[in-house]
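Engineer: Chains as they are written, first to last, in my numbering: chain A, 1 to 395; chain B, 1 to 265.
Do not take every clue at face value.
Unchecked claim - Away from chain A, derived, C-beta distances all over 12 Å, residues of chain B:
(1) L62
(2) S89
(3) P189
What the hints assert, rightly or not - Covered stretches of chain A, as calculated for chain B (at least 3 residues, CB under 8 Å):
(4) 318–327
(5) 346–356
Since the hints were derived computationally from the structure, they do not count as laboratory data. Glycine included, C-beta positions come from ideal geometry on N, C-alpha and C.
Single-letter residue listing:
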Amino acid sequence: MKTASFLALALGALLATGGPRLAKAETDCLACHGEKGMQDASGHRISVDGQTFGASIHGSLKCGDCHATIKDYPHPDQITPVKCETCHADQAAGLVGSVHANRAEHPCTSCHGDAHSIFPKDDPRSAVYPLNVPRTCGACHGNAAMAKKHGLPNVYPLYIDSIHGFALSKEGLLVAANCQSCHGSHHILSHKDPQSATYKTNIPKTCGNCHAGITAEYMNGVHGKAVAAGDLKAPVCTDCHTAHAILQPTAAAFRMQSTPICGSCHKEKLSTYRDTFHSQLGSLGGYVETARCWDCHGAHDVLPASDPNSPIAPANLVATCGRCHAGANASFVQYQPHANAYNRKLNPALYFVRLFMNLLLAGTLTFFVIHTILWLIRSRYDQIKKKSINGGENA
Amino acid sequence: MRFTRAQRYLHATLFTTFLGLAATGLPMRFSESIWARGLAKAVGGFGAILFFHKLCAVVLTLAFLYHVKDIFTRALVHREKGVFWGATSMVANWKDVKDLFGHFRWFLGLGPKPQFERYAYWEKFDYWAVFWGMVVIGFSGYAMWFAPFFAHFLPGWALNAVLVIHSEEGLLAILFIFSIHFVNTHLRPDSFPMDLVIFTGVESEEEFKTKRSMEYARLASQGKLEKRIAPAPGIWQINFSKVVGYTAIAIGLILLVLTLSAYFI
């Protein structure tokens with residue numbers, strides 16, 4: 001008898017210390033819910049690991065603090081859902097009007113994970129720890145069917161192969177941009193919403209949160225000034241670098257893909273660039289060293305040639321061209337990288353050289369095609385008439 | 001015997017490097033076309049294509065310089081007659097003009113077939129087209145290769161012009177050789193399917209007599225026909241010539257089709 005009561009006492013003490021911070025009252029709930037694999041009538045898991053819960057950020061709370069409607073045991077089968085906003089009012093307010101505002105589709109746990117094992121966001125066990133954020137968001141935003149249903153790009157694979165994704169997943173850089181660095185966390189707005197951090201005119205500021213130097217350069221250039229003045233056609237960071245699949249700018253793939261992006265606005269410049277050796281060499285892949293738009297014009301602080309700070313200002317051309325062409329001199333930089341051989345006014349000498357070459361080509365070929373065709377007909381006629389064999393047999 | 005060993009080697013060097021230049025130059029000229037990237041990739045990317053283009057260019061330049069040196073040595077040092085003028089010269093003369101019109105009259109059934117000397121007018125045209133082409137394409141090519149150097153004595157617009165000149169003249173050469181020269185020299189019934197004389201150096205006396213009757217008559221009257229007799233080529237030589245020749249023609253025709261496709265597809 002004595003032994004039995006001692007054992008009961010010991011068991012009680014053990015249970016009480018099982019979750020170090022669990023108040024004694026909680027052991028009553030865990031008496032049932034501590035059982036592994038416990039499910040309700042509709043199959044939802046309703047078991048709670050006391051150890052994990054005790055270590056979690058909510059470990060000091062009592063069950064009833066969240067499950068406020070349960071006062072007694074036995075409690076009803078149907079219980080009211082937990083209202084996180086009772087404590088987390090700011091976060092709940094942030095969700096209002098956001099893309100995830102529908103609480104039935106996006107409960108807090110869809111991002112923060114299991115309600116009984118939530119950790120602070122600087123804890124590597126947290127679903128919203130910086131290194132875990134892309135995987136957490138990717139649970140939905142890496143799902144092609146979901147992306148298609150909502151008309152969204154399937155961004156997770158794009159991000160994870162990007163320079164940000166590599167920095168985060170390979171290097172484990174906490175400062176690498178993850179989803180919420182750009183999109184925010186609770187108050188995520190569509191990029192079409194002018195209030196959104198990803199709205200076109202807000203992009204430079206958003207990227208500038210990390211890339212402050214580049215953003216300052218950009219705001220100084222023609223594109224930055226145009227965007228600041230409300231010109232939505234001018235490019236922001238994402239127009240050239242893309243939003244998610246951002247590549248290392250020196251990478252061959254980026255050098256290959258970017259020229260057409262500039263050309264999507266600067267059509268005439270792209271077309272004349274296409275006629276040059278720079279483009280002919282550069283567009284075939286593998287040979288990425290030839291000059292692309294930004295090699296001459298600068299990338300972020302693009303300035304017109306009339307600006308003395310521009311790399312294409314007449315006084316700077318020898319230095320700019322000289323970066324690739326060692327020994328470039330004043331005469332060398334008279335080369336027109338956007339010459340139009342069909343524009344007599346702008347490039348008269350080139351126009352006439354082109355015209356002469358075209359006429360020479362067309363004239364010579366026309367004459368000899370006629371000559372050769374007539375010759376062929378006549379020779380064949382003779383051959384048939386004389387029933388002679390092909391000449392090659394005589395050799 | 002029509003061509004010396006040196007002349008045949010010169011032609012071999014010429015057409016090998018020419019095919020190389022065409023195969024590596026066309027993807028650059030038509031860098032936006034569907035086949036250009038594939039071809040560039042097959043050669044080993046663009047650095048490789050440019051390297052082969054320059055390599056062929058240097059070899060061809062050396063062959064060209066050797067040829068020019070050879071001509072002047074023959075004419076000025078050895079005092080060989082008929083290099084610059086006369087029946088055996090490559091330089092055009094009044095007879096060539098008459099032959100051209102006479103040939104056209106014969107095409108149309110309006111006159112007799114002209115009798116040709118050692119080099120007919122279209123052969124002289126081929127020679128000078130290549131000669132002029134090499135000067136023009138070569139100069140414009142080197143001007144691009146060493147642009148900063150050439151900029152010391154060329155105006156800026158000339159650097160734009162050299163690409164236009166290089167690509168148009170190159171295109172003309174490619175289209176001309178792969179259509180006109182192939183047909184005039186090899187594919188016309190008198191030579192079909194291939195005139196092997198540039199590979200073996202010799203042709204039958206009968207063919208000589210038919211194709212270049214004036215030269216034959218001149219040699220006969222001078223009693224020099226004997227000197228021109230050479231042993232018939234070995235079977236291996238003929239077969240080797242055929243393999244090389246058909247390969248060159250095949251490559252040329254493929255490049256011709258690709259070139260035309262870039263315009264019309």
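Engineer: Against each hint, give a clear statement of whether it holds in the structure.
Structural biologist: Here is how each hint holds up against the structure:
no. : hint    : verdict
1   : L62     : holds, 24 Å
2   : S89     : holds, 22 Å
3   : P189    : violated, 4 Å
4   : 318–327 : holds (count 3)
5   : 346–356 : holds (count 5)
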